[in-house]
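J.: Here is how the chains run, residue by residue.
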Amino acid sequence: MSEGVQLLTRRRLMGVVVFGLAFAAVAIAVSVGVGSYDVVWANVWAGVEGADRQVAIHRILRSLLAFAVGSSLASVGCVFQALTRNPLADPFLLGVSGGAALGATGLMAAGISTFTIAQWTIPATPLGAFVGALLALNVVHHLSVVRGRIQVHRILLVGVVFNFFASALIMGIKALIPVESIRTVMLWLMGSLAGLKPSHEAFGELVIVGGLVLLGTGWMVLNARALNVASLGDEGARHLGFDLNRVRKRAFIVASLMVGAAVSVAGLIGFVGLIVPHALRQVLGADHRTLVPACVLLGGGFLVFCDVAARLLFPILLTDPPVGILTALVGGPLFVWLLVRGRVMTGWEDGA
Amino acid sequence: MAAALRMFLPIVWLLSSCTPTPSMNRAVESRRAPERIVSLAPGLTELVFALGAGERLVGSTTACDTPEAAQAVSRVGDFGTVGHEAILGRTPDLVLAVEGAVDSRMVVELNAMGVVTQALPMGTIAEIRTTIQRIGVLLHVSENARRLLSSLESDWRRLGHAHGSKRPVRTLLVLGARPLHVVSPKSFAGELLEAAGGLNVVSSEGPAYPTWTLEQVVAARPEVILLTRMSGATPALFESWSSIPAVRDGRVHVLTQDDQVLRPGPRLAEGANILAGFLHPAFGKPGEAR
Amino acid sequence: MKPILECRDGVLAHGDGPPVLEDVQLELHAGEMVVVLGPNGSGKSTLVSALSGGATLRSGRVLVEGRPLESWPVGELARTLAVVPQHVEMAFPFTVAEVVLMGRCPHLQGVGLEGERDRQVVNEALNALEVMHLKDRLYGSCSGGERQRVLVARALAQEPRILLLDEPAAHLDPGHQVVLYRLLASRCRTGLSVCVVSHDWNLPAQVGDRALLLGKGRVQGDGSFAEMMTSARLSELYGVPIVVVDLPEHSSGVMVPFLSGTR
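Protein chains in written order, with the numbering used here: chain A, 1 to 352; chain B, 353 to 642; chain C, 643 to 905.
Treat the hints loosely; a few may be bogus.
Stated by the list, open to error - Here are some of the chain A residues that sit facing chain C, going by a computed Cβ distance under 8 Å:
| no. | residue |
| --- | --- |
| 1 | Arg10 |
| 2 | Arg85 |
| 3 | Val221 |
| 4 | Arg238 |
| 5 | Asp243 |
| 6 | Val247 |
For the record, the hints were derived by calculation from the structure and aren't laboratory data.
Quick caveat: nothing in here was measured; it's all calculated off a predicted structure.
Even for Gly, the Cβ is constructed at its ideal location relative to N, Cα and C.
The following block holds chain A by itself, in its conformation from the complex (with noise of 0.2 Å):
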């Protein structure tokens, strides 16, 4: 039968995933292409040792990791969405934000800066921000779990509130740290993958953001038809054959991983987890067997060209601006064009 419903063939997510792949790499391109020091690529496919293989290393390693950032980032907001039924849901809303600041400021305040364990010296801050945004999921799940069941409105609730009271304890700790290292905390608040760090940590945090992404992709892919599920509601889960109680367990465990890390290594990037899966779901549908392998690619394709034109703003500002000032000057714009053209938000349950 040729007419009649057309399936989501092998065909067609090859096709995302291709042209996901085609976009990242293209973003990469141009950011180990883009920077201040003009790079002699002669020089770095002699394997000249020199500044020029230096900082060709470094920019592919900056690439990199802002492709896996952006990449947590946006396949952590599709599954929150998913999982809340809440279109307002990002990766850092249950608590996440809060908890990483949290961490982070407070070991700043305490003047630490490494922790050095047998030979290894390991940066205090990224550490602080992993440690505290697991320890605020956890502490949010705890809150939100009635009768061995996490309740969803609850659990969105909780977050929010704990994230204010984060604000209010950094607000506190301001005060217990010197004046002048506000500054430091402010920026890094503000996300940035402009860190002074030596290229084996560059490519340590490489390694453990680029593994969670692997990991938590290939948890996302094998569990989306739960995500599409999950918006029939509990009950409509179960009746399908989903226990949603024990994905969004798991989903929570495997998100939390996966922001923590990228917020430990880059702060707090917004719009990215909120923007994305919008723009992307408006494109392709609501099927997340196309939607989170689109997350994380464009999404992540999305914070390189993000992270470029922070880049490439350096000379008119003389000052490298964090790169979420720019997720936000890039993604407002375009979602409000997205939502004026009426792309966005149809086909969503409230009457309008």
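For chain A, the structure is supplied; the task is to place chains B and C on it using the hints.
T.: Just chains B and C now, kept in the frame of chain A:
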């Protein structure tokens, strides 16, 4: 009707330009020296002590920790977020604040309530000099102020003699590591760096504390990189960057004391000397004949 | 013959609240259509929830194909029993086709790309409910009646052996009501077991095998429509004057409520 309006408008314009705009600093010369002073900034607290009027301080911020005697002064809040109730609670007869780091409305309100409040500029070395004079007048310690200024002048001249003829050293002064942000010539620390014989690789256009990427550091080729203590950065963070001259030559240093460099105040000559010590390793302590 | 779905000594309640229904005994046999009727609040939806594994069964047992409900793995249960709820709000903009395709989930593995067989089943279901023309429309923009038919199509796509429906005809016009009940009746003849909750008596009476009456927290009657559908019973059940008229040429009765009693 139109003709009358045309006549009326220039008169209004003339009158408006005559109206005195309310100034934040009323030209106040009190007959009595103020006995109860509140300082809203660490640099100002240091200045008050340096002028010998430290015992008259009845309020300062939590960040006012030098000199040691300043730690005993009672606190009215944090730097940048002091409420006027806390200030009034100390019943001061003079409140000193840094221009730009205090809410101008609060200054106006306090003055309107009869508490003499002055917002003084402390952004550049020239401004500090002016402020020292001004505080001298306000606190009736003009003689001390003159002495402080002349000692600063002679310190400065000594610096100039020591380093004036040397080739300026390309330097980068790092304020924070994550993200990497640095100091430009426009800032107070930047001025000290210049006086110490450093050539700041950061451009003087653009913000005072811009954010940089490692690439920009490579492009700037600094010969010396100085890391402030509070940045938490260590030379180890630069270890894979041997193409940067400062890294290659082992001239990445941590400033174990960075207050004098970062905090605009009377210790500016000290700050400049600390920097000079790193830029010109052969340079001895201030006061030594060369 | 063993019942395909049964409830014994069921006590149904919501959370820690007072019991909604007590002493519930129910038996559904293969190929049978049982119609659950009763006034508002008599516990009809609660019963459907309990029969499908919801949290409303406080005590008693529900057996599906002879095995206790709790012992069924979620996936296997979904391949056997399908539920059509009263209304469903989709949180995201899915199309009608996507909603009905969700009915195939219990039969899919892993990432779950549907195959040709799945497509045929879904196409059949869409055509049977006369909603094929809506397949690319967003579910959220469909009318109440259209949505109900889509939900029934989805349940049929599950290829269940037991179908529970909670007031599936509430928003349907008489034409579509007839289509629905005809469809249910024909499926029953091919082996599907149906338990349908309804407000309406007249259409179900034409196709239903048995009527289960709920009222005042108990089962008020369980038997054939001929036995259950009498003026006295219905007036008692609903508390208003209801007259049942026999229509021998249609071999079924019709019930008519009146504003006031007979003169």
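J.: Measuring from the C-beta of Arg238 (chain A) to each C-beta in chain C, is the shortest one below 8 Å?
T.: holds, 6 Å
J.: Holds or violated: the hint that Val221 (chain A) contacts chain C, with Cβ atoms closer than 8 Å.
T.: Status holds, d = 6 Å.
J.: Would you check whether Val247 (chain A) satisfies its interface hint, that is, whether its CB is within less than 8 Å of any CB in chain C?
T.: Since chain C brings no Cβ nearer than about 11 Å to Val247 (chain A), farther than 8 Å, the hint is violated.
J.: Do the numbers back the hint for Arg10 (chain A), that is, is its least Cβ distance to chain C under 8 Å?
T.: Result: holds, 6 Å to nearest chain C Cβ.
J.: Does the nearest C-beta of chain C fall within a distance shorter than 8 Å of the C-beta of Asp243 (chain A)?
T.: holds, 5 Å
J.: Given a cut of 8 Å on the nearest C-beta pair, is the interface hint for Arg85 (chain A) held or broken against chain C?
T.: holds, 4 Å
Hint 6 alone, counting from the list given before, is not met by this structure.
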